[in-house]
Amino acid sequence: MKNEVDYKSATKVKPLEVPPDLVAPSRDDRFAVSASGSASRAEFDRSRSDPRRTDQPVLPAPSGMRIERQGDQRILVVEQSAERLWPIVRQFWLDNGFALAVENPETGFLETEWAENRAKIPEDVIRRTLGKVFDRVYDTGERDKFRTRIDRVAENRTEIVISHRGVMEVVTSAVVTIQSTWTNRPADRELEAEFMRRLMLRLGADQTRAQALLMQTATTVAKAQLVKAGETSVIDIAEPFDRAWRRVGVAIDRLGFTVEDRDRNKGLFFVRYRDPTVEQQRDKPGFFSRMFSTAKPSESVEQYRLLVAANGQDAVRISVQDKNGKPVADTNARRMLSLLFEQLK
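Under the working numbering, think of the first position of the sequence shown as 1, with each following residue one higher.
For the record, the hints were derived by calculation from the structure and aren't laboratory data.
No farther apart than 27 Å at their CA atoms in a straight line, the calculated lysine-lysine pairs in the BS3-like style are these:
| no. | residue 1 | residue 2 |
| --- | --- | --- |
| 1 | K228 | K326 |
| 2 | K345 | K266 |
| 3 | K345 | K228 |
| 4 | K323 | K228 |
| 5 | K266 | K228 |
| 6 | K223 | K345 |
Work the whole structure out from these sequences, hints included.
Structure, rendered in structure tokens:
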């Protein structure tokens with residue numbers, strides 16, 4: 001995998017439409033390298049020389065690092081404070097060729113811009129003959145972005161989770177001119193593992209130890225159950241709160257829900273969700289103008305609270321509430337719960 005990842009030479013792409021149920025968090029324009037959501041080499045180099053950047057942070061010692069696996073999820077546990085790790089992780093993504101769309105130290109959240117993995121373009125005879133001058137005519141038809149969660153679990157202990165989201169270009173019409181749009185593709189677990197490996201190397205682990213940590217046996221995860229609870233539906237998982245909280249957080253990131261805030265003590269994720277059926281009835285703007293717009297959320301974007309609550313001994317119940325904390329069973333809530341269940345089952 002390590003030879004199949006190259007985002008530094010990502011090129012500009014034409015505006016395309018984003019799947020209607022994807023909502024982007026608000027972004028900080030100070031950290032936008034490219035309006036296209038991918039960074040050219042020159043743009044990337046300019047971002048590295050930005051005088052607003054702080055000096056390279058001191059790296060932690062290689063000891064005190066481990067991987068905890070829950071099913072297909074990997075959690076990097078580092079015996080360092082979240083404050084010390086934040087600038088290191090932030091710089092890690094910049095050095096791997098990504099622009100940052102969102103960064104929020106208060107909630108421990110980083111999200112990259114959409115980018116293209118140029119390593120997926122084959123080195124055929126034509127490409128080698130034309131050289132890199134005409135490299136921009138090649139396109140993989142895929143885009144990736146990554147979310148990173150940095151959770152403080154103790155004074156000097158931090159959990160880091162990397163989750164991937166991918167879209168692929170699909171031709172919708174070729175009658176007169178070729179028309180296309182983006183559609184979701186499954187999260188790439190190998191890409192998540194590769195960037196976790198690279199992050200461990202950045203934090204001081206050697207190649208052998210990093211690979212060994214990634215390959216350790218995963219623990220079995222409890223099966224989720226979608227059940228009725230009065231007029232609403234809920235998800236029940238027979239495992240302790242800490243493990244369930246992790247799983248739900250990763251599932252939310254892989255689905256691309258917008259997390260505005262979270263409160264681990266209360267078991268709450270504050271999210272926004274766009275109803276795709278409403279958006280499909282509108283003239284949708286271009287892919288990147290929509291993803292990076294600073295306009296206020298449209299009327300179809302609703303605010304919800306996902307509650308992860310203890311449900312007996314070593315079990316939790318996940319429910320959807322409205323922004324005021326009341327149980328809700330509208331179409332959006334049912335769809336959100338169904339998507340979560342598909343990730344957790």
